[in-house]
Amino acid sequence: MTDLALIRNFAIIAHIDHGKSTLADRMIEICGGLQKREMTSQVLDSMDIERERGITIKAQTVRLKHKAKDGKTYTLNLVDTPGHVDFSYEVSRSLAACEGSLLVVDATQGVEAQTLANAYLAVDGGHEVIPVLNKIDLASAEPERIQQQIEDVVGIDATDALPISAKTGEGVKEVLDALVERLPAPEGDADAPLKALLVDSWYDQYLGVMILVRVQDGYLRKGIKVRMMGLGSTHDIERVGVFTPKNEIVEALGPGEIGFITASIKDVSECEVGDTFTEERRQTAEPLPGFKPSVPVVFCGLFPADSDDFERLRESLAKLSLNDSSFHYEAETSAALGMGFRCGFLGLLHLEIVEERLEREFDLDLVATAPSVVYHLRTTQDEEFDLHNPADMPDPTKIRAIDEPWIKASIMVPDEYLGPVLALCQEKRGEQTDLTYAGSRALVTYRLPLNEVVFDFYDRLKSISRGYASFDYHLDGYQESNLVKLGILINGEPVDSLSMVVHRDQAEARGRALCLRLKDLIPRQLFKVAIQAAIGGKVVARETVSAMRKDVTAKCYGGDVSRKRKLLDRQKRGKKRMRQFGNVEIPHEAFLAALKMGED
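With my numbering applied, the sequence shown corresponds to residues 33 to 632, in that order.
One or more hints might be untrue.
[Claimed, not checked] With a Cα cut of at most 16 angstroms, we get these calculated EDC-like pairs of lysine to aspartate or glutamate:
(1) Lys440 - Glu463
(2) Lys104 - Asp249
(3) Lys494 - Asp435
(4) Lys430 - Asp447
(5) Lys99 - Glu219
(6) Lys440 - Asp466
(7) Lys254 - Glu280
(8) Lys254 - Asp268
(9) Lys199 - Asp169
(10) Lys257 - Glu312
(11) Lys257 - Asp341
(12) Lys430 - Asp418
(13) Lys99 - Glu206
(14) Lys104 - Glu213
(15) Lys97 - Glu280
(16) Lys254 - Glu283
(17) Lys205 - Glu283
(18) Lys99 - Glu61
Keep in mind that the hints were calculated from the coordinates and are not lab data.
When you get a sec, could you build the whole thing from the sequences and use the hints?
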């Protein structure tokens, strides 16, 4: 077994695009994890969608061997983490398996919102943080200024920050030496009963459920019977291994080591992330603290475009949830869209990624409803319940109060774009709590209703700041607000899938904008189609799609005008009768229009 003093466990944390995955590539190359011909860029980003978008979605681990200056060979367990705010749950889990972090900061762009958030996550986890200045090979790099910025904004000592270029490999050897010298070795007792933390789990179609574990005390060996202390289930260990980054089977995992196990588990729901493994016949007294469960904040209905694909969609969601423990779903039906699922996500990017994976990996054609958040409702009978779908909102006379989720948002933006950013936050009902400066960049802290953020906030923030603003948030409790359900009626029939919960002051403007959008999208019929937005029984906006007109007088050549009038009157009576019985087919684009409300 590896001596504890020769192990270092560390995570790479940074803002999006600051070079985490590229630095991981160089480390794997230098330590000989893969041969030159086997190397690809972003070798740890295994999903096609990760490579195309250039982002990390799932945290990945790899074990490397490094010969340090003192002549000893050290085992380095590297965890590459995502940078986007929607996947900060993955980051917090990864940090729990490590003792230290490399904080990578782009030497051209400096500290961004996620740099700050991830650095605080690491400090809260008791990590030793090593600042690394990446991209120093670029002409626009300003390492001295960024070094000062790390001290001013993040508040950690950056005098020993390491200048590197992950792309060319310059300075990466020094980073490996610094890891050995500056990070603490893990602690653990080899003779104590087995205690291991379940860090992550995913489904492999050949091996079943694979579980990533960090061993605290004792040993994990093939053949032993382990108990999950949270769920109380027992399993026989079939395979123990590490990623180098290839799967490599090992005899055992000892204290301080990170690796994977398989135990013929068929379903990821049988293993809860954050649970503690112990040996069945020699159990540890106390489980490890684990993690807080992930809480979905955005909900959205996913329906198959062809109702015959419902079963395929059900199977696809089941398979996808095996690989993504933060994704939740349950069946629901809609009068307009048929049978589908109500799905919970950690944010809009998470929603987008799941939708794209379903369409790409499972070849499904999907319709998504407008995203909504979870509201707390209190009725006049003093009952309390959570509202996930605006269509389920009870009669307004029975509601005493509605609480909506609020977030605390940190926005970093260059000074010249500060005015429009503040105006956007005010428009979204925001409350400013702080404004500080780091050089020419402002750090604004706002409290915002999550309902206003899930629609189009991020896109609009990026467009008004020319892409320079960075945004990070975390939930900040619930607050009572004057909210109403805005319903959409087509020819007097309510369309549940287009209903939404909005603030009363904005309901009329939202309703008018949506009616105008739908007027362009709903095709003309042989009769007039009324599109109305209503709050309870009060209509606040209306648009009419005019009828297609057939020229019934075309066959009349000359003659008395009363003959033409008789034909036109008969046509009018026919249209009136059709309006009573006619059904309007709403195209799928109309449902997607509700998502893009803020573009007007």
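For the pair we were handed, Lys104 and Glu213, check the Cα-Cα distance against 16 angstroms. Since the Cα atoms of Lys104 and Glu213 sit roughly 12 angstroms apart, the hinted pair holds (cutoff 16 angstroms).
For the pair supplied as a hint, Lys440 and Asp466, is the alpha-carbon distance within the 16 angstroms limit? Answer holds: Lys440 to Asp466 is near 11 angstroms, not above 16 angstroms.
Does Glu206 lie within 16 angstroms of Lys99 when you go C-alpha to C-alpha? Status holds; Cα separation ~12 angstroms.
Between Lys430 and Asp418, is the straight-line Cα distance small enough, at 16 angstroms or below? Roughly 15 angstroms separates the two Cα atoms, so the pair holds.
Satisfaction of hint between Glu61 and Lys99, Cα-Cα up to 16 angstroms: holds (14 angstroms)
Taking only the CA atoms, is the gap from Lys254 to Glu280 under or equal to 16 angstroms? Judged against 16 angstroms, a Cα distance of about 14 angstroms means the pair holds.
Does the structure keep Lys99 and Glu219 at a Cα separation of 16 angstroms or less? violated (21 angstroms)
With a cut-off of 16 angstroms on the C-alpha distance, tell me whether Lys257 and Asp341 pass. violated (41 angstroms)
Measure nothing beyond the straight line between the CA atoms of Lys104 and Asp249; if it is 16 angstroms or shorter, mark the hint as holding. At roughly 24 angstroms apart (the allowed maximum being 16 angstroms), Asp249 and Lys104 break the hint.
Taken at face value, is the distance from the CA of Glu312 to the CA of Lys257 at most 16 angstroms? Distance of about 6 angstroms is within 16 angstroms: holds.
Does Lys97 pair with Glu280 here, judged by a C-alpha cut-off of 16 angstroms? holds (14 angstroms)
Need the status of pair Lys254, Asp268: alpha-carbon distance at most 16 angstroms? holds (8 angstroms)
The earlier numbered hints that this structure contradicts are 2, 3, 4, 5, 11, 17.
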